[in-house]
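Trainee: Protein chains in written order, with this note's numbering: chain A, 1 to 490; chain B, 1001 to 1297.
Quick caveat, the hints were computed from the structure, so don't treat them as lab data.
Some clues are possibly wrong.
Listed next, with one range per pair, are the computed distances between beta-carbon atoms [as the list claims (entries may be wrong)]:
id, chain 1, residue 1, chain 2, residue 2, range
1, B, Thr-1256, A, Ala-475, 42 to 50 angstroms
2, B, Ala-1159, A, Ala-183, 24 to 32 angstroms
3, A, Gly-264, B, Ala-1159, 37 to 45 angstroms
4, B, Ala-1229, A, Thr-369, 41 to 49 angstroms
Reference listing, derived: stretches of chain B covered by chain A, where coverage requires no fewer than 3 residues with Cβ under 8 angstroms from a Cβ of chain A [stated by the list, open to error]:
id, region
5, 1233-1244
6, 1261-1267
Predicted, not measured: the structure shown is a model, and the values here were computed from it.
Each residue gets a CB set at the ideal place from its N, CA and C atoms; glycine is no exception.
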Amino acid sequence: MRRILAGAAIAGALAAAVAAMLRWRLGPLRTRRGVAAVKLAVRGGVRYAGSAPRLFAAAGENRERLRNDLALQTAEDIADTLGAMKGVLMKLGQMASYLDDGLSPAVRRTLSRLQDSVPPMSAELAAGVVTEELGLPPERAFARWDPAPIAAASIGQVHRAITHDGRAVAVKVQYPGIAESMAADLDNVALLRRMLRVTAPSQDVDALVTELRDRVLEELDYHREAENQRLFAAYYDGHPTIHVPAILGELSARRVVTSELAGGARFAELASWPQEERNLAAETIYRFVFRSLYDAHAFNGDPHPGNYLFHGGGRVTFLDFGLVKHFTDVELQPLIAMVRNLCVENDPGAFRRAMEDAGFLMRGAPLSTEVVVDHMAVFYQLVRESAPLTITGDYASTVVRRFFDLRSPVAAYVAIPRSYVILQRINLGLFALLGELNATANWRAVAEEIWPFVRGPAATPMGEAEAAWRATRPAAMRQAAGPPVRPARG
Amino acid sequence: MTADSYAAAAGLVERSAAAYVSGVPDSPADDGFFGPGSVTWRVSTDLARPVAGLRALLMQALHPLAMAGVDQHSGWRQDPVGRLAATSAYLATISFGDRAAAERAAARVRRIHEHVSGVDAITGSPYQASDPALLLWVHVALVESSIEAGRLFGTPVSAEDGDRYVAEMVVAAELVGVPRDQVPSSLAALGGYIASARPELRCTPAASESMAYLLDPPGLADDLAEIWADVRDGAVAALPAWAREMYGYSLPEPLTPARQTEIRQALGVLDAVFLGEPGVLEARQRITLRMRAARRG
């Protein structure tokens, strides 16, 4: 019974997440059919993950051998395991795995293990991909190559290696054929479009399908990921607490990306660290997210707990830049206007107009501005008052629930325009993450350091260190001056 | 009787999954009648299996006497899902079980068949479930449906492997009591047999009602019902045109490559749901490990 309830809870959360990602005008009744399809999809994905580790656990000491025997050996094995929508399901599960909508920790763990349910590639299959991509077999492309993967990655796995000039690196290798099959699954309408074949005007549905497709397709192209990671690494070069591993371009290609190997503690280990350490880690993550947005005009849209490594003293390594959204000034301005008018200028009318300008709120919605502000305020609660504030798991859940609350009188008139879909994703993911850390800080004071319309003084020791770092940076890296590089869209 | 007199289909996935798991042994004494290197194992693990199963039922039901036996004896109307689950368990045991398990399961089926006889109300013909002619039709419908479903929605088998599969499956017919020399053992013989059986086929009310139930089972959860609709479209599209005409089904929509992909994707989702049922992934892994071992030689 518990399993059923947990499954239902996840299904609900993920359905809601997808509903939001692929936001159409939500009419509770009209979307039922679409949501049902998503729920089923999710139920499938979740159960798949939930049952996967059992054989391994039961196998005891034979576990490694068994895992090895089950390794994906051929492109056909991969198609059987991840083809026909299953890879896409896992991707959706992964996207939702950091959302906390009343999920138990056990269920969240299950979701975050989704990728682990796929066996690794055999050493030969992985070596074959490296050979095709780099033109040399891995043991020649690298001075040393560890044929056993150290981690599962999104649609691939990570191997350790040492380059010919002696650098320890992490080499992410993509499952062969997966990009084509997931692209076909995303492309060929079917389930995705059925989820969306709701009531919105078809061009809206198309735009939203396109956004989801574009983002996932970008993740399938490691060139793109390398480009993004390079951008972030350059931007944060020398930062006192933020570290982005360098990319080794000559050892990267479409299905292989090589970066400097980073150590550090995993997110799960952070639970046993002192609260002070957790607060510092949270402050760094917060700074990373909003510096990236306001200064670099880029947003890493994958706040998956597995994408951080912690080193103590607030130092954090950020991994996985597969899902990055770049913003133009035009896209960013309304966000700035919203937070500014609500939190700094205290001008609810202007806040509402900014929401309407951004397309978040339908113009002329028959709602009082008080109701709108009341609905939205929870999202800004962190930064409305300058005072220390603890982000509890409850608070994070409240935010997520409010976001997905279809019964709210406001729900019928709000929408997430395509450009902001990814932003919402990380926003909610960020709340969930900081909630899990139970992090305390004066978030408002930190935000004021970053807000381009305030540029407040350093609010914390980390802020002082960051200010010192910023003083050494070229002006172009310091100002909110448009994205440093906009990789060609492909 | 109308379709309303059938019990609801709730539990379809859960019970089919449990049945499947029960047929895949932990530690088989031998490789059974087919073995992990067989085409039968490959076909039996194909993504298109649900379409194959549903199409097989649609074909089988067109034999009035086979249908009458099921309709009048098997508890089909009281518990259709249970009846389907029993068939799934039987097929899994025959395919993946060791020889002793397969023979036990087949002996049980033969015993049950001995007590199934009667007169079909529509044709007025007497029938015996143990009649090799009926059993052969049921067998052939399954074999041919597996090939067709795989061809359209799964991993198609080559003509050579198709012949091998038909030949391998002869033993399955023998197990339920069809003399070996009556069973088609090549694709050509399979096609010939179906053509020769066509004059006996017709859509009786029992067939029409039963299949209406299967095509749109009441009581399925909404989400599952949506996926089932695709499986159904796949099965109906995979039927020969003459069988669709007997039922009076129209082709749901042209089976374009895009539509085939959609159905495949729905099958993938169904597969993921199925894999999440207790024991299914483990059963699959047992099968995969044995197939891998066979592949290594």
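Trainee: Decide, hint by hint, whether the structure agrees.
Mentor: Here is what the structure says about each hint:
1. One distance hint, 42 to 50 angstroms for the beta-carbon pair Thr-1256 of chain B and Ala-475 of chain A, is violated here, with the actual separation near 57 angstroms.
2. Distance hint check for Ala-1159 of chain B and Ala-183 of chain A: the Cβ-Cβ separation is about 31 angstroms, which falls inside the suggested range of 24 to 32 angstroms.
3. Roughly 56 angstroms separates the CB atoms of Gly-264 of chain A and Ala-1159 of chain B, a value that falls outside the hinted 37 to 45 angstroms.
4. For the pair Ala-1229 of chain B and Thr-369 of chain A, the supplied restraint of 41 to 49 angstroms holds, since their beta-carbon distance comes to about 45 angstroms.
5. With 0 residues having a Cβ less than 8 angstroms from any Cβ of chain A, the region 1233-1244 of chain B misses the three-residue criterion, and the hint is violated.
6. With 6 residues carrying a beta carbon less than 8 angstroms from a beta carbon of chain A, the region 1261-1267 of chain B meets the three-residue requirement, and the given coverage holds.
Hint check: violations occur at hints 1, 3, 5; the rest are consistent with the structure.
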